[in-house]
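Undergrad: Spelled out from the first residue to the last, the chains are:
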Amino acid sequence: MKTRNYLILCGVISISLVLGLLFVPAFSDLVEQVILLFLSTNAR
Amino acid sequence: MRILLQIIGILLLIPAVTLATLRIAKMDGDGPSILFPGGRLVAGDLHSGPEPDWSFTDKVPVIELQLEDPMASRRIFIMESGGKVYVPSGYMRSFLGRLWKDWAFQADAGDGLAVARIEGVRYERQLIRVLDGPELQGIAAKLADKYSGGATPEAIAAGVESVQNGDTWIFELAPRG
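Those sequence lines, one after another, are chains A and B. Taking our numbering, the leading residue of the first sequence gets 1, the next gets one more, and so forth. Taking our numbering, the leading residue of the second sequence gets 1001, the next gets one more, and so forth.
Worth flagging that the hints you see were computed from the coordinates, not collected in a lab. Built from N, CA and C at the ideal position, the CB exists for glycine as well. It is possible that some hints are incorrect.
[To be verified] A short, non-exhaustive set of chain B residues, derived as facing chain A with CB atoms under 7 Å:
no.	residue
1	1017
2	1021
3	1035
4	1039
5	1164
Make the full structure from the sequences, and use the hints.
TA: Below, the structure written as structure tokens:
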């Protein structure tokens, strides 16, 4: 993939993630619960 | 090779953006999110007067706890035992735990002044670490019963050992002063 297109893709992914996390509470809650599960399993 | 590096870049970008967004979004809000610390606990009546009967916390799975210095809030478990309430912090001897449970190190090193919000009511408290003593049995029993599937003798013994070896820290939510 060309660098320009790659950077556009990274930008789109970033913006989509940020908007989803900020404005879709169910999505941010799900992500936090997954991270919490990871920490609970691996922080031993 | 180029496409591989691009894929790795995106795989690193996603968690970095996610963690940064979640961390920043909640840092100044009234209270924490599920995992990330939040700001000062503002909403809710401030309890005054005699100590309540803390047995109502048996039905409360998590509370919000805010340290005064440094000021940040997070969600944690709560246990009632012997008429007092306690909060735990696990994984204290692991690398991830030391990053994740920084509040416990801060509370232990500082003055322990805190505000707990339980079912919408705020309580000004002081965190006092429990290292040993007869109360540990009751605390471990409640912790096992409430959060680990049952207060079996083995679970209670494991809980006490976890506190004594420093893997789990227990703080009493004591009245201030």
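Undergrad: Going back to the hint list, which numbers does this structure go against?
TA: Structure breaks hints 4, 5.
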